[in-house]
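Chain residues, written in single-letter form:
Number of protein chains: 2
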Amino acid sequence: MSTPPSGEAPGLTWELIEAARERITGKVNLTPVLTSNTLDALTGARLSFKCENFQKGGAFKARGATNAVFALSEAQARRGVATHSSGNHGAALARAAALRGIRAYVVMPDNASQAKRAAVSRYGAEITGCAPTQAARESTVRQVLAATGATLVHPYDDLLVMAGQGTATVEFLQAVPQLDVLLCPIGGGGLLAGTAVAAKAIKPDIRVIGVEPAGADDAARSLHAGTIVPVETPDTIADGLRATIGPKPFAEIRRHVEEIITVSDAAIVRAMRQMWEVLKIVVEPSAAVPYAALFEATALRARRIGIIVSGGNLDLDHLPWSEANRG
Amino acid sequence: MSTPPSGEAPGLTWELIEAARERITGKVNLTPVLTSNTLDALTGARLSFKCENFQKGGAFKARGATNAVFALSEAQARRGVATHSSGNHGAALARAAALRGIRAYVVMPDNASQAKRAAVSRYGAEITGCAPTQAARESTVRQVLAATGATLVHPYDDLLVMAGQGTATVEFLQAVPQLDVLLCPIGGGGLLAGTAVAAKAIKPDIRVIGVEPAGADDAARSLHAGTIVPVETPDTIADGLRATIGPKPFAEIRRHVEEIITVSDAAIVRAMRQMWEVLKIVVEPSAAVPYAALFEATALRARRIGIIVSGGNLDLDHLPWSEANRG
Numbered sequence: 313m314s315t316p317p318s319g320e321a322p323g324l325t326w327e328l329i330e331a332a333r334e335r336i337t338g339k340v341n342l343t344p345v346l347t348s349n350t351l352d353a354l355t356g357a358r359l360s361f362k363c364e365n366f367q368k369g370g371a372f373k374a375r376g377a378t379n380a381v382f383a384l385s386e387a388q389a390r391r392g393v394a395t396h397s398s399g400n401h402g403a404a405l406a407r408a409a410a411l412r413g414i415r416a417y418v419v420m421p422d423n424a425s426q427a428k429r430a431a432v433s434r435y436g437a438e439i440t441g442c443a444p445t446q447a448a449r450e451s452t453v454r455q456v457l458a459a460t461g462a463t464l465v466h467p468y469d470d471l472l473v474m475a476g477q478g479t480a481t482v483e484f485l486q487a488v489p490q491l492d493v494l495l496c497p498i499g500g501g502g503l504l505a506g507t508a509v510a511a512k513a514i515k516p517d518i519r520v521i522g523v524e525p526a527g528a529d530d531a532a533r534s535l536h537a538g539t540i541v542p543v544e545t546p547d548t549i550a551d552g553l554r555a556t557i558g559p560k561p562f563a564e565i566r567r568h569v570e571e572i573i574t575v576s577d578a579a580i581v582r583a584m585r586q587m588w589e590v591l592k593i594v595v596e597p598s599a600a601v602p603y604a605a606l607f608e609a610t611a612l613r614a615r616r617i618g619i620i621v622s623g624g625n626l627d628l629d630h631l632p633w634s635e636a637n638r639g
Numbered sequence: 313m314s315t316p317p318s319g320e321a322p323g324l325t326w327e328l329i330e331a332a333r334e335r336i337t338g339k340v341n342l343t344p345v346l347t348s349n350t351l352d353a354l355t356g357a358r359l360s361f362k363c364e365n366f367q368k369g370g371a372f373k374a375r376g377a378t379n380a381v382f383a384l385s386e387a388q389a390r391r392g393v394a395t396h397s398s399g400n401h402g403a404a405l406a407r408a409a410a411l412r413g414i415r416a417y418v419v420m421p422d423n424a425s426q427a428k429r430a431a432v433s434r435y436g437a438e439i440t441g442c443a444p445t446q447a448a449r450e451s452t453v454r455q456v457l458a459a460t461g462a463t464l465v466h467p468y469d470d471l472l473v474m475a476g477q478g479t480a481t482v483e484f485l486q487a488v489p490q491l492d493v494l495l496c497p498i499g500g501g502g503l504l505a506g507t508a509v510a511a512k513a514i515k516p517d518i519r520v521i522g523v524e525p526a527g528a529d530d531a532a533r534s535l536h537a538g539t540i541v542p543v544e545t546p547d548t549i550a551d552g553l554r555a556t557i558g559p560k561p562f563a564e565i566r567r568h569v570e571e572i573i574t575v576s577d578a579a580i581v582r583a584m585r586q587m588w589e590v591l592k593i594v595v596e597p598s599a600a601v602p603y604a605a606l607f608e609a610t611a612l613r614a615r616r617i618g619i620i621v622s623g624g625n626l627d628l629d630h631l632p633w634s635e636a637n638r639g
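Top line first, the protein sequences correspond to chains A and B. Just remember that this note's numbering sits 312 ahead of the position in the first sequence, which is counted from 1. Just remember that this note's numbering sits 312 ahead of the position in the second sequence, which is counted from 1.
You may find that some hints are simply not true.
Since copy identity is lost for identical chains, a pair holds within one copy or between any two.
What the hints assert, rightly or not - Straight-line Cα separation of at most 20 Å, EDC-like style, residue types lysine to aspartate or glutamate; simulated pairs:
1) LYS339 x ASP352
2) LYS428 x GLU450
3) LYS428 x GLU589
Quick caveat, the hints were computed from the structure, so don't treat them as lab data.
Using the sequences plus the hints, can you model the full thing?
This is the structure:
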């Protein structure tokens, strides 16, 4: 692993990931790896799928949130944890806090779905509503932190969270050590950063490739520009990948990630459907993004490819192919 | 295990199941067992799901077909195998025959879907069409057998097929030895017969319960009458369970199965949706039937229950809850 130049903030290390692994073992699932001769024949590659849709709460987010919560000192823990999230991270943090027996405060936009609110409140977290803007979310979280003394656990711009997400790759390479390439989706970048640092520490010659929707390609733009370039209005079916990459994940991705591939929404829906039909697993659109890269990236063929399947939380009443049928 | 009274035809034995296990190991998948705290809380039981939707071809049928094909003598094998099936068994037999390098002849009704024909023909089996009636299927198979000398491999009324299906339970009880009850769907009865004989041989005090749709309750009626009573026009969404129970499976079920539970189609759809949403697995309606029994059978609560999830092959364009939305 390369070391950051002196003067730069300390980044994600293998030691942080190893500590995360020890800390969360038994508190999250060791998820299975699936393979399929049919998908191998369709893509010309040898594929292994690390199924984080079978993780606690249905997404990899349980790893980072659990690591952050159990790394708190007793004094910090007494004051609880807080975050803003309309998605899987809020529920994962609520679950981890309940497991440790501490309070969780989750700021959610007033337009969040009933299902998402229920996933958070079933673990006893306190939900604070806010207007559905980034500014309102951040100012509301600041108020919560000031009022409670809770520790902020950011969904991705947090070294402990990134370290927790990296533990999926530790398990993956233990189960399938011969992988040549890892494909990982990019939202805020926490999963990709953890994946890349873990993978390069274990197997320095492995290739780590990030995959993102063409309509939310801030990571590709940012790597090209050398600085974070947000996409003003992300437009993609992969709702888990609309966030702008965070500074801490971005630093790791610049150091360790070889390439970013972008895929169309049509390819994402096709990939998702193939995974449902052939692997028989329920995955959300964001989780189909890495597999979608196989449809176009011919350089990936004939390689042993590991795919991180990020989650399986979606509304079964509104599947993309049914929408198309109705439209 | 009880022995059949003298004079009765020899039935399914533990020895046949053990031999099947040895014969098919490495040729079919050792499928995973999933658990869920959420479903345990919803049902008040401790559930384990044996996921045959992850089996080769997406259904348990690979087990029985592979056992029957690899049990053939060299002389038999040279003349191939034949069956009639519009569903998973035809594809499973075609795959097993391809694996042994022998011919397979599959009689399919002319109205079988393109997807089902493709699943059979991709393994190189020879498809013979016939009118979509039971009489036409049987007479066409007889013609094929006469012309080719192939061995008939019936989808369920065949001891080698039943023995192969029983191997899922051998794996299941190795993975989760503490189960009190097994729940298994009933179509032609091959899976339930194999399950019951295997389970009672390994753990004589385990309870084996068959579950079938209320609209195709021929097993319940037959057990009550003491003789096979077909349901003239089965009416259920569980298309894999519309067959009438076969004489060989029926004999085992009378000996070894404690109880048959019937469930409504509404319960089947609700069970299927919960399995998709919570377990994140794609299962066909027939495979949700045993879990549906948990909604009504209060005596099952607080028990350690093993559920055989039979398969995951269905048309993703026509999901029962989407149909309801459109209707």
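How the hints compare with the structure:
no.: 1; hint: LYS339 x ASP352; verdict: between (33 Å within a copy, 18 Å between copies)
no.: 2; hint: LYS428 x GLU450; verdict: within (19 Å within a copy, 53 Å between copies)
no.: 3; hint: LYS428 x GLU589; verdict: between (26 Å within a copy, 13 Å between copies)
Consistency note: the structure conflicts with none of the earlier hints.
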